[in-house]
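J.: So the sequences go chain by chain: A and B. So for the first sequence, numbering that gives the first Met the number 0 puts the first residue at 0; every next one is plus one. So for the second sequence, numbering that gives the first Met the number 0 puts the first residue at 0; every next one is plus one.
Heads up, a few of these hints could be off.
Since the list can't tell identical chains apart, any single copy or any two copies may satisfy a pair.
[Unchecked claim] Simulated crosslink set (DSS-like; lysine-lysine; CA at most 30 Å straight-line): (1) 3 <-> 144; (2) 68 <-> 148; (3) 68 <-> 96; (4) 144 <-> 96.
Simulated from the structure, these hints should not be mistaken for lab results. On a predicted model such as this, the values are computed, not experimentally measured, just so you know.
There are 2 protein chains.
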Amino acid sequence: MEVKAIGTIHSPFQNASGVPIQPAFAEGAEGTVEVAPEYAEALADLAGFERIWLLYWFDRAAPFKARVKPYLDDQAHGLFATRAPARPNPIGLSCVKLLSVEGATLHVGGIDILDGTPLLDIKPYARRFDHFEVTRSGWIDATHKGITKSDDRFFGAPG
Amino acid sequence: MEVKAIGTIHSPFQNASGVPIQPAFAEGAEGTVEVAPEYAEALADLAGFERIWLLYWFDRAAPFKARVKPYLDDQAHGLFATRAPARPNPIGLSCVKLLSVEGATLHVGGIDILDGTPLLDIKPYARRFDHFEVTRSGWIDATHKGITKSDDRFFGAPG
Numbered sequence: 000m001e002v003k004a005i006g007t008i009h010s011p012f013q014n015a016s017g018v019p020i021q022p023a024f025a026e027g028a029e030g031t032v033e034v035a036p037e038y039a040e041a042l043a044d045l046a047g048f049e050r051i052w053l054l055y056w057f058d059r060a061a062p063f064k065a066r067v068k069p070y071l072d073d074q075a076h077g078l079f080a081t082r083a084p085a086r087p088n089p090i091g092l093s094c095v096k097l098l099s100v101e102g103a104t105l106h107v108g109g110i111d112i113l114d115g116t117p118l119l120d121i122k123p124y125a126r127r128f129d130h131f132e133v134t135r136s137g138w139i140d141a142t143h144k145g146i147t148k149s150d151d152r153f154f155g156a157p158g
Numbered sequence: 000m001e002v003k004a005i006g007t008i009h010s011p012f013q014n015a016s017g018v019p020i021q022p023a024f025a026e027g028a029e030g031t032v033e034v035a036p037e038y039a040e041a042l043a044d045l046a047g048f049e050r051i052w053l054l055y056w057f058d059r060a061a062p063f064k065a066r067v068k069p070y071l072d073d074q075a076h077g078l079f080a081t082r083a084p085a086r087p088n089p090i091g092l093s094c095v096k097l098l099s100v101e102g103a104t105l106h107v108g109g110i111d112i113l114d115g116t117p118l119l120d121i122k123p124y125a126r127r128f129d130h131f132e133v134t135r136s137g138w139i140d141a142t143h144k145g146i147t148k149s150d151d152r153f154f155g156a157p158g
C-alpha cells in the first residue's frame, strides 16, 4: 500500500522543538497548505467549513517505539494511547482552522505541523461527524502537566 | 512512502451497500479490531479512553474522483469537502467507541467500516484535542437528506 504526497504543508516551525503539540495549543500559529494542481478541483466547497482535518506524513519522525513518554506526562504510555509521531505508519492527524482558500492554497490557523511536511489527505470537520461527548480521555484527563510545545524526543534517530 | 497493515478490522458489513456512513449513524453496530501481535504492547493504557480514532485503508474504494455526490446530498461536492472513500490516498478515519481491550483485540461500537479492512493506526480521542466548537460545517449543515447508510457508489470500478 503506497501513499503519495498530494501537497505540502508550510508552517513557522522549522525544527522539532517548540512546535505546538496539538492544534488546541496552537492558537496563534498560521500556515499554508499547498495542494498539487491536479487536486485543485477537489477543493470545491471546502471553504464552507470552519475547520478541516489534515492527514500528513511525519517525514522526520523517529522509528516506532511501543511505549513513549508523551510531552504531556511524566509516565510512559502505549504508543497507540498517545499522539506521538513514532508510529508504525507515521501518519499525523490535525484539525486546523480553515481561514481562506485561494486557488490551490489553503490558509490555516492553529497549525501544529513542521514546515515542509507532505500532505496526504484533507477531510472536512463536521459537527455531526466529529463532535462526540466523552467523559473518559484516559491519562490525558489525569495529567496536570502544562506543556504545550514539543521538544525533539520523537524526531530523528531513535532515542 | 509505504504503509503497512498493523491489524484487521472486523465488522458485520460484508458489502459496500448498507454500511453506516459515519460512526455517528452506527450506534448499534459492533466489531473488533485485531492488532498484529508485534504491536500489542503499544496498546497499553488505551482502555482508559472512551473513544478512539481508527485510521484504515479503503481497500475496496473506487479510484479518485475530483467531485463526488455524497450520500448525504443530491449535489456533487469537491472530494476534499466530503468523507467519500474515492480519495487520492484512500485513508479512512472513524471515531469509534472503545468497549473493551482483550490482549490484542479491541471490541468497538459505532463502527462504519467494511469487514476485513486493513488497519493503519489507532489514536486516542481526547476531549482536549478533538472537541472543537464550530459554527460552520459547509454543505453538511445545509443538507436535510436523512440518509444514514451507504450504497456502493464509491466502491469497485469507477462509476
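J.: Next, verify each hint and record whether it holds.
T.: Here is what the structure says about each hint:
no. : hint       : result
1   : 3 <-> 144  : neither (36 Å within a copy, 34 Å between copies)
2   : 68 <-> 148 : within (14 Å within a copy, 40 Å between copies)
3   : 68 <-> 96  : both (28 Å within a copy, 25 Å between copies)
4   : 144 <-> 96 : both (25 Å within a copy, 26 Å between copies)
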